[in-house]
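Engineer: Take a look at the letters that make up each chain.
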Amino acid sequence: MDLIRSHVMVCGGTGCTSSNSAAVIAEFEKLLAEKGLDREVKVVRTGCFGLCEAGPVCIVYPEGCFYAHVKTEDVARIVEEHLVKGRIVKDLLYKGAMEEDKQTVKSLDKVDFYKKQKRVALRNCGVIDPENIEEYIAFDGYAALGKVLTEMSPDDVIQTILDSGLRGRGGGGFPTGLKWKFAKASVSEKKYVCCNADEGDPGAFMDRSILEGDPHAVIEAMAIAAYAIGADQGYVYCRAEYPIAVKRLQIAIKQAREYGLLGKNIFGTGFNFDMDVRLGAGAFVCGEETALMNSIEGMRGEPRPRPPFPAVKGLFGKPTILNNVETYANVPQIIVKGADWFKTMGTAKSAGTKVFALGGKINNTGLVEVPMGTTLREVIYDIGGGIPGGKAFKAAQTGGPSGGCIPASELDIEIDYDNLVAIGSMMGSGGMIVMDEDNCMVDIARFFLDFTVDESCGKCAPCRIGTKRMLEILERIVEGKGEDGDIEKLETLAESIKTTALCGLGQTAPNPVLSTLKYYRHEYEAHIYEKRCPAGQCKALLTYKIDPDKCKGCTLCARQCPAGCISGKVREPHVIDTAKCLKCGACMEKCKFGAISRG
Amino acid sequence: MCCCNCNNNMDKHTALQQVIDELRNEPGCLMPIMQRAQDIYGYLPEEVMNHIAKELDIPVSDIYGVATFYAQFNLEPKGKYIISVCLGTACYVKGAQLVLDELEKVLGVPAGKTTPDGVFTLNATRCLGACGLAPVIMVNDDVYGRLTPDQVAGIIAKYRE
Numbered sequence: 000m001d002l003i004r005s006h007v008m009v010c011g012g013t014g015c016t017s018s019n020s021a022a023v024i025a026e027f028e029k030l031l032a033e034k035g036l037d038r039e040v041k042v043v044r045t046g047c048f049g050l051c052e053a054g055p056v057c058i059v060y061p062e063g064c065f066y067a068h069v070k071t072e073d074v075a076r077i078v079e080e081h082l083v084k085g086r087i088v089k090d091l092l093y094k095g096a097m098e099e100d101k102q103t104v105k106s107l108d109k110v111d112f113y114k115k116q117k118r119v120a121l122r123n124c125g126v127i128d129p130e131n132i133e134e135y136i137a138f139d140g141y142a143a144l145g146k147v148l149t150e151m152s153p154d155d156v157i158q159t160i161l162d163s164g165l166r167g168r169g170g171g172g173f174p175t176g177l178k179w180k181f182a183k184a185s186v187s188e189k190k191y192v193c194c195n196a197d198e199g200d201p202g203a204f205m206d207r208s209i210l211e212g213d214p215h216a217v218i219e220a221m222a223i224a225a226y227a228i229g230a231d232q233g234y235v236y237c238r239a240e241y242p243i244a245v246k247r248l249q250i251a252i253k254q255a256r257e258y259g260l261l262g263k264n265i266f267g268t269g270f271n272f273d274m275d276v277r278l279g280a281g282a283f284v285c286g287e288e289t290a291l292m293n294s295i296e297g298m299r300g301e302p303r304p305r306p307p308f309p310a311v312k313g314l315f316g317k318p319t320i321l322n323n324v325e326t327y328a329n330v331p332q333i334i335v336k337g338a339d340w341f342k343t344m345g346t347a348k349s350a351g352t353k354v355f356a357l358g359g360k361i362n363n364t365g366l367v368e369v370p371m372g373t374t375l376r377e378v379i380y381d382i383g384g385g386i387p388g389g390k391a392f393k394a395a396q397t398g399g400p401s402g403g404c405i406p407a408s409e410l411d412i413e414i415d416y417d418n419l420v421a422i423g424s425m426m427g428s429g430g431m432i433v434m435d436e437d438n439c440m441v442d443i444a445r446f447f448l449d450f451t452v453d454e455s456c457g458k459c460a461p462c463r464i465g466t467k468r469m470l471e472i473l474e475r476i477v478e479g480k481g482e483d484g485d486i487e488k489l490e491t492l493a494e495s496i497k498t499t500a501l502c503g504l505g506q507t508a509p510n511p512v513l514s515t516l517k518y519y520r521h522e523y524e525a526h527i528y529e530k531r532c533p534a535g536q537c538k539a540l541l542t543y544k545i546d547p548d549k550c551k552g553c554t555l556c557a558r559q560c561p562a563g564c565i566s567g568k569v570r571e572p573h574v575i576d577t578a579k580c581l582k583c584g585a586c587m588e589k590c591k592f593g594a595i596s597r598g
Numbered sequence: 000m001c002c003c004n005c006n007n008n009m010d011k012h013t014a015l016q017q018v019i020d021e022l023r024n025e026p027g028c029l030m031p032i033m034q035r036a037q038d039i040y041g042y043l044p045e046e047v048m049n050h051i052a053k054e055l056d057i058p059v060s061d062i063y064g065v066a067t068f069y070a071q072f073n074l075e076p077k078g079k080y081i082i083s084v085c086l087g088t089a090c091y092v093k094g095a096q097l098v099l100d101e102l103e104k105v106l107g108v109p110a111g112k113t114t115p116d117g118v119f120t121l122n123a124t125r126c127l128g129a130c131g132l133a134p135v136i137m138v139n140d141d142v143y144g145r146l147t148p149d150q151v152a153g154i155i156a157k158y159r160e
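Chains A and B, in that order, give the protein sequences. Number 41 in numbering that gives the first Met the number 0 belongs to position 42 of the first sequence; there are no gaps in the numbering. Number 150 in numbering that gives the first Met the number 0 belongs to position 151 of the second sequence; there are no gaps in the numbering.
So that you can see chain A by itself, here it is in the shape it has in the complex (with noise of 0.2 Å):
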């Protein structure tokens, strides 16, 4: 066996792979060979860090030094002093992992974007390498299916989820324990456990970091979710668009199966449970549990009428339980650590942590799992790093097509489902977007409006006409044709729509309009009053304006202008001929003496 001295983990994850870190690490691996450090140095591709704004990011244990935004010309800088001499290169070294001295490492705990986070459901993503299950096991991977399978009860294992407060990470909030025990209760034959890992939410990418960075969690929960409830077939129906999410699901249920994890007679204890990955094929709504079903069916993701519910007659008529990938993440270490250990995180309603996918408008883009309970504040400021370019917050979208936007007047709201809830937006699956004062809030109510009009199945009349008019009316609005009665009839229908939808797609549809309507009603009455965009966002609302004082007459905007239609003298003021203008802001950005405005 090779004595390893250092390990290098390169983030594997889509963010840093799409910043080309698979190149890094091939430039690693053969620039160890040909130092022969091969076999003392490990090359490991991990799951997701979080940080992904400074990717490729990799970090050298055992100092434990954070490399960011490493290409692959450094490489060989850190081989020749990190790992050859054993001297750190600083000036890799990510901005805020040095000590305030500038020569001593800080453990990564430390690190302000890590500091107030708590590791739960993204414990081994950038500690193991997902596609090997003895690094699953070595950090007590497959424990908890041991200890369930011949140690607990199926209703101790229910009792177990029930008591540690778990709630369904994939925006609803169920208690997980909860639909474990109506499923067990339903009598059958056959029974299925589901896995929903079709994250259509934009801006939520968590599922998809689990699934790329600790597959095997996810697995071993859905065998002990099977245990409890009496199954023997699973399920995971995750999105097309995840190539690499996909291939290392496949990788570790074969892996799986090879060690005895999954199949018959799993540990010798008479229990049998497999389970399938199926593709879904881009239709936002199968993320709802019903519609997810259908497709797995092979029929068109359309969502049923419950009741029944699916723990009663689910898939293929069975009862069935559908958890998504988060809340199966959690499942393991409850197991193992008991429901006491997971309480003592988050707030009294809402168990445990959430991973938020913070994205938009913020410094530290990247996943961060927080503690329930967490501010707002504390998440933007102090873990995301705050806004870019010193500009205000404006907004922070949580929960998606479903969500809404929170003001800056909650940003210490402490986040957890029935808070969010109270002020309008919703948990989700925790993407967070971050907006700011150049955003319009009009704009965005009708972006999201956009997506689900585009998506609305069409089963049901209330989103799908509904939705659609509320659109339009959006439409005129950000257009300046918005009319007296405009917001009034938005008000309406978001209203009857919310009532009399099929199913949560639709009933949640009308919220970013009802939020921001809540709180940036002033932003409409603008649009439609005033024929003006506050933000400077909607085109048709905008004029450019030249200040005659500020204006040197150096010409740069007129030799700029797509549509010539800036007109001066040299070393006189310019004037724009609104009529031609196109509204392309190309003169602002190149005026020097900040002489053109918008509005």
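Worth flagging that the hints you see were computed from the coordinates, not collected in a lab. These numbers were taken from a predicted model, which means no experiment stands behind them. Each statement offered as a hint is correct.
Calculated pairs, DSSO-like style, for lysine-lysine (alpha carbon to alpha carbon, straight line, at most 30 Å): (1) B:K77 - B:K112; (2) A:K246 - B:K11; (3) B:K112 - A:K538; (4) A:K582 - B:K104; (5) A:K114 - A:K336; (6) B:K104 - A:K480; (7) A:K117 - A:K390; (8) A:K458 - B:K112; (9) A:K29 - B:K157; (10) B:K104 - A:K467; (11) B:K77 - A:K246; (12) A:K183 - A:K348; (13) A:K538 - B:K104; (14) A:K582 - B:K112; (15) A:K549 - A:K579; (16) B:K112 - A:K467; (17) A:K189 - A:K312; (18) A:K253 - A:K336; (19) A:K579 - B:K104; (20) B:K104 - A:K589.
We have chain A already, so just place chain B on it with the hints.
Structural biologist: Then chain B, alone, in the frame of chain A:
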């Protein structure tokens, strides 16, 4: 089936038949078969849908219903390079629409269409999950992140060569 490329199409047909025989007894096999058929042909020609219907003994209208429900299935051939512009929220708030507008201008086709020479298909897609790099586009499997509209023409030129 078309005769201009018979050998090639016969290979494809054999591959399709293998997929059908492999999966036909799986519960809910229709979508996996259609997905693999599309991998083989690049899209779902009418003959292929008819053939699957006959083999599985279901009405072709069911297959057409599934094919038109999901965004992933194509009923028309696609270009050699498929450009997917992410219009997820994170990309949108960082200006993905401007990137899409520029692509439409450079390629001369609206989103959802293929250029007349059959080289590029331009698609506006849902979140690609690479929000850390917003705004993002993909050209087949290559990802381009943190884009501004002025980089678009250069990227297209690279594939035109």
